[in-house]
Every structure is written in structure tokens, then in C-alpha cells.
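Asker: The primary structure of each chain is shown beneath.
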Amino acid sequence: MAVTDTAITVAGLLKIDFVDETSVRLCDGGFLYFTSDSTSEKYEASDSIYGTLADPGEWEMGFGDQAEGGTITLAPPDTATFTDWYGDHLLDARVRLWFGEVSGSTVSSAEQVADMLIDTYEQEISAGGQRILQLGLISRAEKLFLRNEGNVCSERFHKSVWTGENGFNNCTDLAGYVAWGAESPPRSGTTRFR
Amino acid sequence: MIDLPTTPSPTNIRWEVLDFGGTMQGPVGGSAQRINRLGNRWSLMVTLPPMLPADADQWEAALLRGLRQGVRWRIIQAFNPEGAGSPLVDGGSQAGDQLDVKGFNAGYWCRRNQPFAIVSGGKRYVHRVVTAQQIGADGTATLEIEPPLRVEPTDEDVLEFSAPYIEGLLAEPVTGDFSADRIVHGLSFTINEAG
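Protein sequences appear in the order of chains P and F. Sequential numbering of the first sequence, starting at 38, is according to the numbering used here. Sequential numbering of the second sequence, starting at 12, is according to the numbering used here.
It is possible that part of the hints are untrue.
Stated by the list, open to error - Using 35 Å as the maximum straight-line C-alpha spacing, the simulated DSBU-like pairs for lysine-lysine come out as follows:
1) P/Lys196 <-> P/Lys79
2) F/Lys113 <-> P/Lys79
3) P/Lys180 <-> P/Lys196
4) F/Lys113 <-> F/Lys134
5) F/Lys134 <-> P/Lys79
Said to hold, decoys possible - These stretches of chain F come out as covered by chain P in the derived footprint (C-beta under 8 Å, 3 or more residues):
6) 46-57
7) 159-172
Unchecked claim - Away from chain P, derived, C-beta distances all over 12 Å, residues of chain F:
8) Glu71
9) Arg76
10) Arg85
11) Asp108
12) Lys113
13) Asn116
14) Ser190
15) His196
16) Ser199
17) Ala205
Hints in this document: simulated from the structure, not taken from any laboratory. C-beta: ideal position from N, C-alpha, C; glycine also.
Using the sequences and the hints given, assemble the complete structure.
Answerer: Take a look at the structure:
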């Protein structure tokens, strides 16, 4: 088959590589064999722990210094143990998504459309009573945004010298908040109400 | 998985494909392209006749529990499919829309559009034979099937040809109407294959 044919079969493939070197491989439906990391691996419609891909979500693509992001939603089966699919082991897992043409059970001319890291995870109860797992993603390149500023006047550096000294705890450099009903501050300030 | 009663027989059965593909068609007359996605499977709509309350109770009780646990129902066909022997999947690592089989009685006709179930990993997956084929003397054949395989069967997985079952989830809760004539009317249900 070629993309110019009257009918083609396509599939999306999702691979999540966890930090502990296990992985989850999901595809739209049925099953497929696909080689992403030098060995042919089986991708299935459902995983015994993470279930199915409930929503591929939205994926950003951009040029230059754009920090791409995305979300995916998984629907773990009721038989899976909650702590197996929900916890800090999800963080920093590598998430890749391919899109390719299918012949039999093999994928040809697959193109990688995303390479991301899991940044956040959240459990939601959907309308049908199903527990779903929402994963917030950031671009892998976003790790390079981290700046190591050395010894600066910060809470972390301060505590490295003076362990347990909490003087810098509130020096977060974030906007401060005052309680509702307090006197209005000057408009030029960074104080906000909520 | 709840086994549904076998009597009384339904008045109507309708098969539909749960199709995950679609047609890409531009709004200004550009040529269309069919986009197939994997995972197509069956939805079976069954309409039951008016029946006595005692019969309806069997159906309603099974369908009530089946709503939670899934249902299994013996497929009724227009012809007698018995006499297939003990067909099995012939070899692992199979995929796509062909299936190597073995263990048939020699001479058995796999009819065009005949439904059958592959029992793999404890679950059933219903397919249909696309091209009629008579089984050879060695009991083996390569069948053309639709939809394509949704799971990878292992060697010697059981094939249900003589008495195939469909199993899946009920599309919605089922109730009948208990009328003044002391007959239950309007029982019907839809089984959607789960995988």
C-alpha cells in the first residue's frame, strides 16, 4: 500500500519507557510489531496495568525556543492495582508517539511525532465511573532549560550551609497573596488577591 | 461472564461492524481515501419475542448481572454449522486477514460469511470467513477472515465453528415491558465485543 491508494491502514503507536527500564507499548487496536529501539517489539491495544489509550490528547510542535507540551489519557482496567499505575514512578518517563502505515501486523514508514517526558500525573473519575490517568508531558529538551546558578542567595543554598534554618522559606520569588478583604495594596505591586 | 439463555429464540439478529476507520473526503470534490484503523470488531443486536414472565425472568436476570460482568451468547446461524471436528489455530505468530487452521474434519465446508470464534487467552474474538473453502484431507486450511486478527493467537488455540459464541459487554441496561396481557414485550439487547 501507498499513501496514494484508495484505502490505507494507519496506526498510532505509543511507547512509555519508565525510569526503572520497564516499558508500556500501546497501539490503536489489535496488535502490531514495530522496531523503535533496534528490536522488534509487540504493541497491543491494551496493557494489563495501564489499560488502553483513552485519549491521545493534544501534542504541540514548534520551532525555535518553544517549550512543547502535551497530554495523554490512559484508562487502566479495574483489575489493576492502583499503586501500580499511579505514583512517582511515572515521573520523567520517556513518552514517544509514532504514526505509521500498517501491513498485516507490521508498521512501515512510521514517523515519530513526539518525544516527551512525563511531568505531571493526575487521576480523574470520568462520567462513566471509570478511573482515568491523565499524564502531563513536557518536551525532553525542556531538561536543558534547567539553570545551575551555583551559590546564590536561595533557600536551598542557605539550608546547605545552615541546615534547618528556615529564614529563607518564604523567599520564593513568587507573587505574594493576601487574604480576601485586606486593604488594597498599591497597583504597581506584585501582590495579588484570590 | 454471564451465559445468556438459549430460549426462546430471537425474532431478529442484526450484525454491525464497530468500525474505527473512516473516509477522508474533501468538501470540494477531491478524491476520497479510506483510512482503516485496527481493532474493528462486532456489535450484535438481538431482539427477543414476546414471552411469558417466567422466561423473561431468566433473560432479565442474566442481562442484569451481565451488565456488570459481560455476557456470552451462542450465535444463531441460518444453517447448521456442526460437523467441523475440533478445529485449532495452526501455528503462532499469525496476523492480518488470513488464518492457518488445523484439526477440522476432512471435507467440512467453511462457508462464506460463516462466523466463528477464536478462543485466545481466555477470551473470544469473533471473525467471519470471507472466502468459502472446503477443508482438505489433512484437516488444515488457510482461511480468509474479516475483520483482521485483533490478538495474536497461540498455536492450538481453540476455534469455535460448530457452536460459536460471542462475548462482550452490553451496550446498555435491558428491561422489558410487562403488559396487561401478562406477557413481557420489547426485550432486546446489544452485545459489543470488548477487544
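Asker: For F/Ser199, which was marked as not at the interface, is the minimum beta-carbon distance to chain P over 12 Å?
Answerer: Since the minimum Cβ distance to chain P is about 22 Å, F/Ser199 lies beyond 12 Å and the statement holds.
Asker: Taking the closest pair, is the beta carbon of F/Asn116 still more than 12 Å from chain P?
Answerer: For F/Asn116, whose nearest Cβ neighbour in chain P is about 29 Å away, the distance exceeds 12 Å, so it holds.
Asker: When I compare C-beta atoms, does the segment 46-57 of chain F have three or more residues closer than 8 Å to chain P?
Answerer: This one holds; 6 residues, not fewer than the three required, reach chain P with a Cβ under 8 Å.
Asker: With a cut-off of 35 Å on the C-alpha distance, tell me whether F/Lys113 and P/Lys79 pass.
Answerer: Given pair F/Lys113, P/Lys79 holds - Cα atoms ~26 Å apart, limit 35 Å.
Asker: Three or more residues of the segment 159-172 of chain F near chain P by CB distance under 8 Å?
Answerer: Three-residue rule met by the segment 159-172 of chain F, so holds; n is 5.
Asker: Measure nothing beyond the straight line between the CA atoms of P/Lys180 and P/Lys196; if it is 35 Å or shorter, mark the hint as holding.
Answerer: 24 Å, holds
Asker: Going by Cβ atoms, does F/Asp108 stay more than 12 Å from chain P at every point?
Answerer: At roughly 8 Å from the nearest Cβ of chain P, F/Asp108 sits no farther out than 12 Å, so the non-interface label is violated.
Asker: Over 12 Å from every CB of chain P: does F/Lys113 meet that, or does the non-interface label fail?
Answerer: 21 Å, holds
Asker: Take a quick look at whether F/Lys134 and P/Lys79 sit within 35 Å of each other, Cα to Cα.
Answerer: 19 Å, holds
Asker: Just checking, F/Glu71 versus chain P, shortest CB gap more than 12 Å?
Answerer: It holds; F/Glu71 is separated from chain P by about 22 Å at its closest Cβ, greater than 12 Å.
Asker: Hint check: F/Lys113 vs F/Lys134, CA-CA at most 35 Å. Holds or violated?
Answerer: The hint holds at about 20 Å.
Asker: Has the given pair, P/Lys196 with P/Lys79, been kept, meaning a C-alpha gap of at most 35 Å?
Answerer: This hinted pair is violated, its Cα atoms lying about 49 Å apart.
In the structure shown, a violation is registered for the earlier hints numbered 1, 11 and 17, in ascending order.
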